[in-house]
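S.K.: Those protein sequences? They're chains A and B, same order as listed. Mapping to this note's numbering: the first sequence position 75 is 75, numbers consecutive. Count along the second sequence starting at 1, add 1000, and that's the number in this note's numbering.
A portion of the hints provided could be inaccurate.
Claimed, not checked - Label-pair restraints from in silico Cβ distances: (1) A:Q81 / B:G1040: 26 to 32 Å; (2) B:K1053 / A:P110: 31 to 37 Å; (3) B:S1065 / A:R61: 41 to 47 Å; (4) A:R55 / B:K1053: 36 to 42 Å; (5) A:S28 / B:K1071: 28 to 34 Å; (6) B:S1082 / A:S46: 29 to 35 Å; (7) B:T1096 / A:Q54: 16 to 22 Å; (8) A:A29 / B:E1056: 32 to 38 Å; (9) A:S46 / B:R1073: 19 to 25 Å; (10) B:T1015 / A:D67: 45 to 51 Å.
These are computed hints drawn from the structure, not numbers from a lab. Ideal Cβ positions, reconstructed from N, Cα and C, are used throughout, including at glycine.
Below are the chains, spelled out letter by letter.
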Amino acid sequence: KQEVTQIPAALSVPEGENLVLNCSFTDSAIYNLQWFRQDPGKGLTSLLLIQSSQREQTSGRLNASLDKSSGRSTLYIAASQPGDSATYLCAVKGSYIPTFGRGTSLIVHP
Amino acid sequence: DVKVTQSSRYLVKRTGEKVFLECVQDMDHENMFWYRQDPGLGLRLIYFSYDVKMKEKGDIPEGYSVSREKKERFSLILESASTNQTSMYLCASSLTRGSPDRSGNTIYFGEGSWLTVV
């Protein structure tokens, strides 16, 4: 059974720092990996989707990488801002059903 | 843009009531999912459906049922609500893997439904 782990569980950084969130998974037979953002009390918003054949995807200050063979993905956030404060989840999809990590709770303080 | 709409954002129900949570998506997605999210437990899959009238149990189906009479609508039913079903419920949808799609089978979520059972 696929297991997805996100480290760290929580992170607090000053504004302006570049930071890396980690996602690891146990079964490398995946179709894609998706990163989400969740604000308190809200649903999940898709940030980036990486297909299994891709190595990375970029959107603005966000860059996600995928190393399928080692079962790892990272989400890089450049020049963090207080508005980036949220929980970030990754999900891997090997069949119909995605498997989610428990998320990294990020606080960016001014 | 894809939109997944959960009709009720906040509900308060009494123990023993029958509760319906509705979810509608507007992008002709085959797959639809219901999750619940609780602090410290993450997202847990209740049921999913890969086609009209098709349903499969997820990890925690006990106490729940679902209905998918039309492709765009997936309903979660609590036959007799209990206090341990107080939670945030999230609906999601996606295309079937292998379908041509510029978004590459992205999963889309609704805004969530907060259910309190008293």
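S.K.: Evaluate each hint against the coordinates.
M.R.: Going through the hints against the structure:
1. Q81 of chain A and G1040 of chain B have their C-beta atoms about 28 Å apart, which keeps the hinted 26 to 32 Å range intact.
2. Our hint of 31 to 37 Å for K1053 of chain B and P110 of chain A is violated, since their Cβ atoms are close to 52 Å apart.
3. Our hint of 41 to 47 Å for S1065 of chain B and R61 of chain A holds, since their Cβ atoms are close to 43 Å apart.
4. A hinted range of 36 to 42 Å for the beta carbons of R55 of chain A and K1053 of chain B is consistent with their spacing of about 40 Å.
5. For S28 of chain A paired with K1071 of chain B, a C-beta distance near 32 Å keeps the hint of 28 to 34 Å intact.
6. A hinted range of 29 to 35 Å holds for the C-beta pair S1082 of chain B and S46 of chain A, which are about 32 Å apart.
7. For the hinted restraint 16 to 22 Å between T1096 of chain B and Q54 of chain A, the CB-CB distance of approximately 20 Å keeps it satisfied.
8. Hint check: A29 of chain A to E1056 of chain B, Cβ distance near 20 Å, so the stated range 32 to 38 Å is violated.
9. About 21 Å separates the C-beta atoms of S46 of chain A and R1073 of chain B, a value consistent with the hinted range of 19 to 25 Å.
10. Distance hint for T1015 of chain B and D67 of chain A: a CB-CB separation of about 48 Å, consistent with the stated range 45 to 51 Å.
Going down the numbered hints, you'll see the structure goes against 2, 8, while the others check out.
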